[in-house]
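Residue numbers (the working numbering), protein chains in the order written: chain A, 118 to 360; chain B, 118 to 360; chain C, 118 to 360; chain D, 118 to 360; chain E, 118 to 360; chain F, 118 to 360.
Source of the hints: derived by calculation from the structure; they are not laboratory data. All the given hints hold, so there is nothing to weed out.
Now the in silico label distances, taken between C-beta atoms and shown as ranges:
#1 Ala138/A <-> Thr252/D: 40 to 46 Å
#2 Leu274/D <-> Arg141/F: 45 to 51 Å
#3 Gln357/C <-> Leu284/A: 39 to 45 Å
Here a beta-carbon is modelled for each residue, glycine too, at the ideal position from N, C-alpha and C.
Number of protein chains: 6
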Amino acid sequence: MTLIQVINPNTSLAMTETIGAAARAVAAPGTEIIAVSPSQGVPSIEGHFDEAIAAIGVLEQVRRGKAQGVSGHVIACFGDPGLLAARELASGPVIGIAEAAMHAATLVATRFSIVTTLPRTLIIARHLLQQYGFTHHCAALHAIDLPVLALEDGSGLAQEKVRQQCLQAKQQDGSGAIVLGCGGMATLARELTHELGMPVIDGVSAAVKMVEALVALGLGTSKHGDLDWPIAKPLSGAFQHLN
Amino acid sequence: MTLIQVINPNTSLAMTETIGAAARAVAAPGTEIIAVSPSQGVPSIEGHFDEAIAAIGVLEQVRRGKAQGVSGHVIACFGDPGLLAARELASGPVIGIAEAAMHAATLVATRFSIVTTLPRTLIIARHLLQQYGFTHHCAALHAIDLPVLALEDGSGLAQEKVRQQCLQAKQQDGSGAIVLGCGGMATLARELTHELGMPVIDGVSAAVKMVEALVALGLGTSKHGDLDWPIAKPLSGAFQHLN
Amino acid sequence: MTLIQVINPNTSLAMTETIGAAARAVAAPGTEIIAVSPSQGVPSIEGHFDEAIAAIGVLEQVRRGKAQGVSGHVIACFGDPGLLAARELASGPVIGIAEAAMHAATLVATRFSIVTTLPRTLIIARHLLQQYGFTHHCAALHAIDLPVLALEDGSGLAQEKVRQQCLQAKQQDGSGAIVLGCGGMATLARELTHELGMPVIDGVSAAVKMVEALVALGLGTSKHGDLDWPIAKPLSGAFQHLN
Amino acid sequence: MTLIQVINPNTSLAMTETIGAAARAVAAPGTEIIAVSPSQGVPSIEGHFDEAIAAIGVLEQVRRGKAQGVSGHVIACFGDPGLLAARELASGPVIGIAEAAMHAATLVATRFSIVTTLPRTLIIARHLLQQYGFTHHCAALHAIDLPVLALEDGSGLAQEKVRQQCLQAKQQDGSGAIVLGCGGMATLARELTHELGMPVIDGVSAAVKMVEALVALGLGTSKHGDLDWPIAKPLSGAFQHLN
Amino acid sequence: MTLIQVINPNTSLAMTETIGAAARAVAAPGTEIIAVSPSQGVPSIEGHFDEAIAAIGVLEQVRRGKAQGVSGHVIACFGDPGLLAARELASGPVIGIAEAAMHAATLVATRFSIVTTLPRTLIIARHLLQQYGFTHHCAALHAIDLPVLALEDGSGLAQEKVRQQCLQAKQQDGSGAIVLGCGGMATLARELTHELGMPVIDGVSAAVKMVEALVALGLGTSKHGDLDWPIAKPLSGAFQHLN
Amino acid sequence: MTLIQVINPNTSLAMTETIGAAARAVAAPGTEIIAVSPSQGVPSIEGHFDEAIAAIGVLEQVRRGKAQGVSGHVIACFGDPGLLAARELASGPVIGIAEAAMHAATLVATRFSIVTTLPRTLIIARHLLQQYGFTHHCAALHAIDLPVLALEDGSGLAQEKVRQQCLQAKQQDGSGAIVLGCGGMATLARELTHELGMPVIDGVSAAVKMVEALVALGLGTSKHGDLDWPIAKPLSGAFQHLN
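Bound-form chain A, shown alone (with noise of 0.2 Å):
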């Protein structure tokens, strides 16, 4: 049995149902899904002061799930929270999910576009894009200026965005693939590649595959350098359960 958690980075239990529902629907049969989110931090994440809360609840998770056995961890938020820090606390693999749609776009096409939820978050896109060095396998970033939480609002208004989005994407851009730029759009993928004939990747599902791929190759995050255990040290005051 291979546990992998779900860290879903924002306290919105309904997009942890989402992106749980999402990594179950790929996972292997010997694979077993924890789908978690902090039980404290933000509701969504659009920007930066977001992202770094996050990353306190994504390690309180890690350090939680190394306690359960699981054996890699999927940070759920298309901004990649805390991932080289949570590198650091695991010895498993952890992928974000920003990471595994860039990597598997690369894969299958030679360029691909993005569509996520509000402008302000493209900066993070641009900076992962070039932190994990696909900036010139990016043809474009577009954003649908909808907040991420209206993907949970029920109308189904911020889903036809993303579509007609990628509808546009498909004929402008020169592209072969679509990342889709947030976890709450994990449902979509498989719709759309049917409806546009092309790839339209969901990063959730593609992490789970990928920490499945890891683990079964024996790989873990390397302890050799820096992405070693965070050097031991007292933590004060709310950090104190991270020691």
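Chain A is already provided as a structure; the job is to place chains B, C, D, E and F on it using the hints.
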């Protein structure tokens, strides 16, 4: 049942067996590995000339694999010969072992080293790093200065040189993972990972798991845009069988 | 009167004093320095995990600084933890000491070297070089292989190692300036500049002068676009005080 | 007498004639052009699959050219198929027409535009820009959306589309030169240069002059390092003639 | 008393006054601005030829400034003509206004736009972005298509075009700050910052504050390495006065 | 008859002769070389200050060359001083010797080394590599640590140091070609190419052949866009003769 075709682009059957074994060792329960090599071509691949010839063999095999109904393809030579051409031919995913190993390395370490065979092949690795976006993720490239087939001569000399070079890379490069730069080194990864206490990554097994992952995600090579099927045209002479 | 808040992101009061003194030593006549550190967090910052925790402390302090009416903020840890998040919170300028030192170095030399504490923090410096655009301006990165707090142990050993490393960098790197890679090295810069006969740059003092400069220019953090105020949303648990 | 072999990598004899004529039009008095094409392969090259096949034809011809004592070789397809492999085989210089045109463009303008045939080939041009170092020198890439052989259909439609696209590029791109992205456009360059009042560059003629230049300088392909002769090994099947 | 020499590299005295006024408007209490321009050269700088001539005037003035005991120098033309040459001549800091404005922009926004005069000068800005490391921080470059001296014709037309272009950049570029690309636009920055509600940055004032900052830090141009004093050698003819 | 003006940007007549001889040695039958140097300026060029002065001499000579009806111009100093300014002045091609040598090197090898005179000039070479796009094609830069004029002192010491450095580069750099980084080394290239068994490239001869090539192609400097003629304006003082 998921059929994955693992293509050794050279004609050395011993290496095809090594590669096939490495692939089967990590294949998921529902995956069957078909390890093949071209009937004609080069016995080993150690430069651009060899790669150009090997690419034809890869295309032949991809075509045959499709006829057999395989779900995805692995190109098991560290130069990833014919990768984009094969993607045009394929509907499922096609993954090169350099590509797979480099991607995997960036998921478990901030920077990686490469250990390969002959110095003259380093330029091929450099070009792939650039194409895949990982130039800045590679801390150093090393060559053991032995030809590819030395890995199959039974003496163990090449294997020992790989080991020594890995140990040295660990000491000097400041990287967190090592990528083995030849399909013929596939069987060394697990043992060296254990001995060195850091991820030593074989691309054959990594590529198999990535193909499995993409297949499970319902993601094949994009047929929208520049990886679309080759435009139908009459191929003449020795290439007619690729029609 | 210009109030500049200098935030030591770790909880070591001795280091806060070192940093505060370095800041005051260069402050203009009309500038008052408020040197602070978080009440809770990590005693030193030597990796991504430490940085994630420290970022929260930085945000707390920025919020307090705004309430006090400060004109700008300095983040006095060489990893610039929480920089973009802090910029969302702030109306005045926010400058990290790595950022300030790197910028200053490119203004007085064509290429610079970095001398920092532990090797594991080099990756943080590398990522900042990439984010700020200075990858090609950095000739070499060095670590003295002592923890941050060794700079506060009174023995002078760490200081001597910094000096030796700077001398070696001068001989070998072909660079024209040296950037000191830790807030705790702030007091060494002037003396080493004199001894080496080349600019040795401390980020704390550099950041103070850059904040002063931006304030005098009437330039604060842009509130148009992706550094706009954080979107108002209920923060829960230990983060409520950041509302 | 300097013999220069101009290789049309596709099997269309009409295009071989176009290319040969363009080469002869600029050849120096002491230069003789041998325009050849493979006896087997693809009638036009419009993707990676076509290129992989064409590369074998290029290698065959380079081998024959060497036997004939030619001083240098031109690969007259805008994707420069088989370039590095051909360099391994050759002692004289080997120049691709994309390479030649891009180099020439950077010598007469700060930035250039590319006008090519099918949109799916743009990715090949992008990869060459990256390989040659000219990504930042290319202001824009355009495709007329007609296949390569439309240039040989006698209607003049493709030629008119090239002209229109060049005029548009002049108005919009902010570039100082235009690179024609297909060997079949070779004859258009002089006229368009005159009509547009800016350099419109054909790679066939540019490559011939570069080979002449390198030959006169006594510079052939380096046999020190990674472009050294292919390592001798038994080639089997359809590739035996390349031994 | 800190003397800062602000060099208008062209010979237009009206522009020297504009620039001097902008410099004095931000100078610290203890700073005295000496605004100068060459006695011979070009009346405005709108290309590489103009810049080459202007660079000599800059060097003359730097030499005079040193004789006057100035603490630092500003090169007040957006192409930063003669910057590295001037640094060889100077012991204090030398800052170009493009450099200063671009640095400042990256400190208050994640990406910036540039608004300059003639389209032909955009290439100069592009090269500076590359040299300073800010290519990826620049979202867009715009030209109002009026010559530099239109800013001094008293009609206000050029100023209005700058304003319109800034408004358009705010709407379209997705950037957080605007850099004004000409010394003659210095007086517009404060007002446009106010009107647009985002930082609009003038390099003259930014450079003055950066020189003040570096002087206060005790940092001058590095004389270790490649910015060392020019090697003494006999200068002949019109250049003798630079000896 | 094709007249090519080869401009030695420094005032050392011995070097002008060396350069002229190197140019004539490769000139085509129909080419006449006019080797010139400025009447006033610097006797050698070893830094940015020297380059700024030399650029004026280059512009003077280009202007004179145009009056003489030359077809193209070579700037025969490895820093390519005044290159873009000269292109504005010229209608024919203008090629710098660093540019020519670097371009040629990338046509015969995958990576090259540079061997130049003083270490302080290395930064100039680095900036040119970046401007021309060849940063990743340069494996290493070396300086013999002797001034330019040591190449003209008749002792042969500098020449021997160049030779030793080339031999060492061949052993250590993993590059396939060597670029000689000074016009005064022009005569060494052929001999060293022979001795080392790898291309050792002189920029003077390479530039002559590239000018010949561009002239034969009917390609001059683009007058569309940013290399258009300098905007006419009154030049004053010592620059009046450039009007």
